[in-house]
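Novice: Sequence:
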Amino acid sequence: MKMLPLATTIGTSSIILTMAAAASDNSSIRRLSRGDNAILRNPSRKLDAAQQFDGSSSIKFSKCVDIKTLPDNYQVDDDAVTSTIKSGDLVSTKSYVLFHMCNGGTCYEDEEYIVDINTYTKNIASYYANYEGAICQACNKYADFCSSGNDDGGNSYNNNNNYNNNNYYNGGNRQLKNFDCDECDQYSCFSNNNKYNAYNDAINNLIDDISDCLRTGSYASNAEELYVGPMCSANGKGIELALFLDNECTTYTAEKAFGSLPSYYMYSSEYVFEATKDSFQKAYSETTSCEDLDVANPYNQANDDGANYDGNQEMNAYCQQLFDEGGALGLSSCSANDDQNGNYNYGNDDQNNGNNGGDDFLSWYTYDMTVDNAQDINQVCSAVSEMGGSYSNYYNKYKSGTWNSASSSGGGSYLDMGDVEESAVVAVGFLSFFLIGAVAGGAWLYKKQKEKELDSKLERLNSGTFESIRTDKGTME
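All residue numbers for the sequence shown refer to my numbering, where the first residue is 91 and numbers rise by one.
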């Protein structure tokens with residue numbers, strides 16, 4: 091049987107599924123963890139890709155692709171398990187983001203880059219999470235500049251300067267963001283209502299934790315612990331928060347919806363989650379600048395001192411990490427035969443190479459590549475390139491719920507930037523997460539009792555003990 095060109099997994103350690111006998115006791119599926127750590131082999135050409143861009147560049151999300159994987163060892167000897175896999179309620183998969191690199195305000199639609207969804211979400215969402223903090227820090231530092239009436243001239247300068255892509259140069263090939271007094275008001279930086287500084291560490295921690303696969307404190311019906319992480323939406327035009335059976339977030343389960351879980355184990359503040367949600371939204375809807383988040387001294391700006399530096403400025407760390415950490419590659423630079431010998435295959439010929447499941451499993455199970463082959467970003471890039479734009483997605487919005495909150499009139503979606511079908515108004519919407527998560531299992535009462543402890547918890551959050559807050563509470567089902 092010809093294997094369908096679909097999808098895969100990458101992680102610091104690969105998950106091996108053992109689908110064992112089982113049925114009414116719901117213990118039919120268990121997983122084993124491989125001891126060795128899989129290493130993402132970042133090809134040298136990723137450096138060439140990164141060197142094409144600088145601080146004047148920007149990033150724009152294009153689409154999301156799922157890669158389906160064949161686990162190293164597998165065994166299926168129960169009809170119920172087979173049915174679960176065939177229905178798509180249990181999928182070994184990994185999501186990848188395709189994005190455009192833009193220069194001078196123009197995104198080149200004919201070139202897309204690919205990186206794993208975890209790296210993209212963590213870095214680009216963190217950019218937006220830290221943007222407000224950088225603005226308010228500068229506003230407080232240069233408050234006199236705005237109050238002295240320099241803001242009008244400064245803003246006029248900024249607008250003209252930004253238009254010409256000549257942001258202030260501060261040495262060391264760093265292109266700094268221009269200071270704008272209007273943004274101080276926009277983010278209430280001079281008001282006591284600005285909560286960003288108090289919650290800054292907690293927001294960044296939650297972004298990192300969800301991006302890296304966060305333990306939820308809840309369990310599947312077979313007693314497997316559930317984890318939450320980003321996954322492509324059902325149509326690949328955005329992302330969802332999906333539930334997984336492993337701490338690498340590679341084994342997707344549609345048994346429960348993220349929105350149905352109590353939230354207290356994952357975070358303690360609604361504001362923190364709302365800010366995290368907002369950062370995720372912007373990462374997949376906005377054009378992200380690669381300029382430095384540090385803000386230039388407005389007095390130097392106003393004097394036009396060095397503002398017209400024409401050299402290449404370094405990309406900020408958020409953009410750079412897509413290439414350094416994630417090994418982002420241009421789709422046009424990889425193909426199935428670019429190993430110079432024409433020997434690339436994605437694991438579909440390994441059907442009889444010692445896998446325990448035998449031909450019975452492989453007679454109906456389709457996949458894109460094996461777990462081992464999926465550790466090579468070159469092969470992932472090549473597999474996606476060969477798909478020719480015909481991509482697959484495995485998120486089940488009807489069973490897993492959706493972050494999208496469509497209005498009754500069919501208004502736009504939340505993170506999914508595509509049109510929302512009428513039937514997409516399902517189960518639990520992302521915006522109702524707090525209500526449902528609080529009510530489930532009596533968590534609402536728990537949160538009320540703990541409101542008075544929020545200040546002390548925030549101190550712990552900002553002192554780096556976020557993990558202890560998540561894990562020192564028992565599970566509430």
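The hints are simulated quantities; they were obtained by calculation from the structure and are not laboratory data. Take these hints with a grain of salt, some might be off.
Cβ-Cβ distance ranges computed for the label pairs, FRET-style [stated by the list, open to error]:
1. T377 - D179: 25 to 31 Å
2. K150 - D234: 50 to 56 Å
3. Y309 - K231: 21 to 27 Å
4. K176 - D368: 54 to 60 Å
5. D234 - A407: 28 to 34 Å
With a Cα cut of at most 25 Å, we get these calculated DSS-like pairs of lysine-lysine [to be verified]:
6. K150 - K367
7. K372 - K150
8. K231 - K346
9. K327 - K372
10. K327 - K231
11. K153 - K327
12. K346 - K327
13. K150 - K176
14. K489 - K327
15. K489 - K176
16. K150 - K346
17. K367 - K176
18. K372 - K153
19. K367 - K327
20. K176 - K346
21. K231 - K489
Please read all numbers here as calculations on a predicted model, not as lab measurements. Glycine is no exception: its CB is placed at the ideal position from the N, C-alpha and C atoms.
Novice: Which earlier hints turn out false for this structure, listed by number in ascending order?
Specialist: Numbers 1, 2, 3, 4, 8, 10, 13, 16, 17, 21, in rising order.
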